[in-house]
Each structure stands twice: as C-alpha cells, then as structure tokens.
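K.L.:
Two chains, two frames, a set of hints: combine them into the complex.
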Amino acid sequence: MTTQEAVLHPAAIVEELKRNGFTHVVWLPDSETNFMYQLLTSEPSLDLVPVCREGETMAIAAGLWVGGKKPVVLIQNTGIFESGDSIRGLGLDVNQPLVMLVGYRGWSRHGITNDSAARFIEHILHAWGITYYLIETDDDADRISNALEEAERTRKPVAVLVGTEFGA
Amino acid sequence: MIDNTDAVKLLDSKREDSVFVATMNANNVNFGLPSVTTNEDLDFPISGAMGKASSVGLGLALAQPDRKIMVLDGDGSLLMNLGAMVTLASKAPTNIYHFLFDNGVYAVTGGQPVPGSEKTDWADMARAAGYATTFDFDNIEDLATGIEEVLSSPGPVFVRLAITPEIENTPVQFRPRASRSVLTAFRDLPKALGNE
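Protein chains in written order, with my numbering: chain A, 8 to 175; chain B, 29 to 224.
Chain B with its partners taken away, still in its complex shape (with noise of 0.2 Å):
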C-alpha cells in the first residue's frame, strides 16, 4: 500500500508546469496536496463535485492541449461518475493522466466501503473503457521507479494507486479548510494559464 503523503509529494516533484485536479483524499488539507504543493497557482482542488474531477481535468486538457493535466481522483468519487471515464477516453487527449486514490472506503464519512472495494480492477476497467494506456502500483517503491514511464506515455493514461486509507471522524465543521478553494481556483486559474 502507498502513503496518501507519499504519493501526492511524488506526483509534485514531477509536475513542472502540469495543473493537478484533486479531489478527495488526494486534496485533503493535512495529507493531500494542499500539505505538498510547490506550484499552488496551478492546482484546481475540486471539493463537492460528486465525482467530476475528471470532467473538470478533460475539459482542461482539452483547453491546454500543450500542457499536462493530472487528475488525482479517489475511488468513491469516481463510482459517482463511472461513464466519464469513457467520455474521458473517447475524447482522448493525449495530455491527460488520471490517477485514482484507491483506498477502498469513503473516507470522509468515516471509512465505510465502497461498492466493489474487494472485486474491482481498476485498471482493466480503464482499458476496456479505451485509455491508451494504464498502469497499477501498490507500493511508493515501484511508483518512483515507474513515474517517468507513465508521463512520457501518450494519454489518456490510467494510473491506479492502491492507498492506506486515512479515516477523517471529526465533524466536518470542525476540520481545517485550505486556503484555496474551487472558487477561487476557478476564479484565478484563467490567469496562472495566461487566459486573461
């Protein structure tokens, strides 16, 4: 299993001019990239979408053609929104790279299962659903030494992470809020991209 932490520090370190679209887990205040980023200007925290943080990445990818777009999805969110991975990958655009958080529980509400926690390949569904490549890493050592293969690969790729589940109990109204919100990515995103 790889460390929340972990994985999202490795994906910066790797990210020169990329925008990150993370959601869940993956943008959590304390253990996501909210805790790691080097490039805050251009991360687009998506929060409240009910699994459309691939959407929103394919609609940038398709907007920045000449610039990666990584999307740090997590597995509940992306049962919301199943079809979009075959939007995602008939559209095709060859500068996207989707990597699922898969812990195996929704863990914001508590840590109770998703459905198919212990039955579902991730990765063959991506490559039925048509990535053009796709790729499953269950641990940091094999994901730092196979992260320059997944990004030089032509997109859409699929990258399915299996990660330790880190349980949040404390009342929601009562957790820290990072300082940059969907709104004001939205809102400031235009010009970190030169689009004002």
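Okay, chain A solo, but in the shape it has when bound (with noise of 0.2 Å):
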C-alpha cells in the first residue's frame, strides 16, 4: 500500500456518518480531526454541535438521545481522559448507545510512542470496558458502522479511534 493509499480523507467519514443516520456531531476540534471541519459545517444532514470542553459532549449527547435524535462524539483521546465521570455517569451509568470517534493523539506503528495520551488511552478504555475500532485509512471507515451497531446492541459507549491525520 502506497502512502497516498493510506490516507483517511474527511469524506470517507462524512459519508459513513450519514449512511448511518447520524444527526449531530458533538465535538472539540482536535489536530487529528481539524480538516473535518469544513465538510461537517457543509454538510446539511448533520447538525454541529462545538463544545468549551469533552466532558459536555456525553451530556449533550445524552439529551439528544433521549429526544430522539442520534448523535456522535469527535474528540481528542485527550478529551477522553477529561470526560472520565461524564463517561461513567451519563454513558456506561445508562446504558447510552454512543458511537465515540477519538483523535488519537500520538498513535504510531512505528516504534514506541512517547506520547502518554496514547500509551495510556487503550488502557483506560480497557478499564471501562469500552469496546473499541482502529480507523487508519479510508477502507477502515465502514468500523464506525459496526461501532454503532455494538453501541445500540450492547447499550454502550463504542469508541471508535482515527489513528492517522486525514488527508485533505
């Protein structure tokens, strides 16, 4: 596989949020997710939902549940550990089924990473009992799919990890 082939371009997400019928994405720009941005903001189908810090967007998910709708979460794995009680308290605590995507910061196949975000985040999700996807290319989009049909069978956050920065 060539580098180019390897890309995750925003597109191939977008599109497997709306195949799924995502509604809102509740998120914090991160540098493994910024290039979204655009295509989320032109996107009709898709409400975006900006936060001041992650621990609102398991809170605001959680109202947009109850009222019918189905969002997602984007946020760093930063944000992660930052969200730690909203996770426990309105995700595993009441069984919401919430699809997580996750910036992973600091995510490397090659070699040992120094990042503690990154040497740390499998592990709290782990602990949690947080099932969760690797998505690295653009043919790993369709992860979000099984992500969310785990999350809604189960009754359970689902993490789904972008481990590479998207192409433009």
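It is worth saying that the hints were derived from the structure and are not from the lab. Hints may be right or wrong, so weigh each one.
To be verified - Straight line, CA to CA, 20 Å or less: simulated EDC-like cross-link-like pairs of lysine to aspartate or glutamate:
id : chain 1 : residue 1 : chain 2 : residue 2
1  : A       : K77       : B       : D216
2  : A       : K76       : B       : E146
3  : A       : K163      : B       : E224
4  : A       : K163      : B       : D69
5  : B       : K219      : A       : E159
P.N.:
What follows is the structure, encoded as structure tokens:
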C-alpha cells in the first residue's frame, strides 16, 4: 500500500456518518480530526454542536438521544481522559448507545510512542470495558458502522480511534 | 430569599408539556422537584453528573425544538461546568430555560460555601456568555409575578433564583432515594416524548 492510499479522507468519515443516520456531531476540534471541520459544516444532514470542554459531549449526546436524535461524539483521546465522569455517569451508567470518534493523538505503528495520551488511552478504555475500533485509512471507515451496531446492541458507549491524520 | 420547595412548586405549576432537567437541591427528594412534581413522566433527574444538567438540557432542547426544556441547576454544579453556559448560548435554542438555584453552598456535603458565593453575579455572567435574556429573583412574590414574562421570552433564558440553603447532614447511605433516577428517566423518557 502506498502512502497516498493509506490516507484517511474526511469525506469517507462523513459519508459513513450520513449512511448510518447520525444527526448531530458533538465535538471539540483536535489536530487528528480538524480537517473534517469544513466538510462537517457544509453537510446539511449533520448538525454540528461545538463544546468548550469534552465532558460536555456525552451529556449533550444523552439529551439528544433521549429526545429522539442520533448523536456522535468527536473528540481527542486527551478529551476522553477529561471526560471520565461524564462517560461513567451519562454513558455507562445510563446505558447510552453512544459512538465516540476519538482522535488518537500519538498513535504510531512505527515503534514506541513517547506520547502518554497514546500510551494510556487503550488501557483506560479497557478499564471501563469500552470496546474500540481503529480507523487508519478510508477502507476502515465502515468500522463506524460496526461501532454503531455494537453500541445499539449492547446499549453501551463504543469508541472509534482515529489513528491517522486526515488527507485533504 | 426563596424557599426551595416554593420555587420548584411554582415552576412545576407552569410546566405544561415541558421537560424538567433537575439536579441537586432542585431535585431533592424531600424538598425538590420529586416532592411536588405533577408530571413525573417528563422529569429528567440528573445526579452524579458533575454539573452537566444544562448540557443534557441543551441536547434535549436541540432534539425537541417545539417543547420547552427547563433546567433546574445548582450554583456549585454549574461552577463545575461553567463553559457549558457559553456552549449553550452559542448554540442558542430558543426553547431552553436555565434556572439557577443559587444557595451559595454545597448543601449536600454539609453546607460549605461555594467559591465566589459572595461575589459572583450570575445574571451578568449569563448575559456576558450570550444568553438572550436574563432574570434575577430574590423573593417568591417577584418570581410569581415575573414567571409569565420569563416563560414568554425566547430562549436561551437564564434565571438566577436566590434560594435559602437547606443543608443535608444525614450520611449519604441513609438519605431517602427518589423512585425515579437518571437511569429510569433515560430508559422511559423517549417513550414519554413519543420517540419509541
């Protein structure tokens, strides 16, 4: 596989979100997913809900879900650490079927990463019993469908780790 | 100052088909919303959420634009999630009414003062955050007179209520629990809202 082919394009993610009927993207921009912004704001079927801090996202998503919508959260792995009590109280404890797209800061398959955000994230998800999928290329985008199916079947939050920066 | 029960009773009397998202003293089983509610099916109690009641309310308001969403918040709670005021005011749903039960203390932990309780001007803060309209009431008579104007104002509306502190010193494990929890509300509200 060439480097060009390995790139994950925002259109692949947005198409997957549309295909699964997501209605709202509750997010705080991060360097792994920032290139999605223009596409997200121009997509009429997705309502963008920007937040000031990541812990708000699970709570807003809870309200949206109860109100009949299908939200997805889009934050960085550092934001998962910040959101711990929201994931506990308004995700796991209430059985919220929530898909969380998580920018995987520090992700590398080329040796040991020095970034603690990358070293800790999978351990944290394991500790909470939260299943996760990894997306690196366009070919992986359909794992969002897998995550949604699992979230709805198990009535639990499921994470999708975005392990590469997006192509233009 | 306004008695906590008087406040929730007055707001409940004006609810029509509103959803109430209530936390802390506003949701106290003895003197909060659960003790006076006339439509429990549309109550969304929020506990153990570290100040996220208004965030849940924002999500509900966006999902249910034709229904009023009344958030009954606490001052210590909102301080934990202060950025949520800007998030809410930025998205600006016109159907959300954010009531702050400002008693100046952490009532459920023994009454310790919250930071800034003598200094913070909540209505000014909400106005600066971008709420469309703000109100400030320190007695039940003015609240009773002003509530129609509050609820006829397009949101997001912020209402600070000066509430008399009611301190809980009973150990947590011995406190009575409301029959309706955040879990049961999360399970049952979609049906009550016609989404199932």
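K.L.:
Give a verdict on every hint.
P.N.:
Now the hints, each set against the structure:
1. Simply put, A:K77 and B:D216 have alpha-carbon atoms about 17 Å apart, close enough for the 20 Å limit, and the pair holds.
2. At most 20 Å may separate the alpha-carbon atoms for a hinted pair to count; A:K76 and B:E146 exceed this at roughly 40 Å.
3. Using a Cα cut-off of 20 Å, the hinted pair A:K163 and B:E224 holds, with the two alpha carbons roughly 19 Å apart.
4. Proposed proximity of A:K163 and B:D69 is contradicted: the alpha carbons are some 24 Å apart, above 20 Å.
5. Proposed proximity of B:K219 and A:E159 is supported: the alpha carbons are some 17 Å apart, at most 20 Å.
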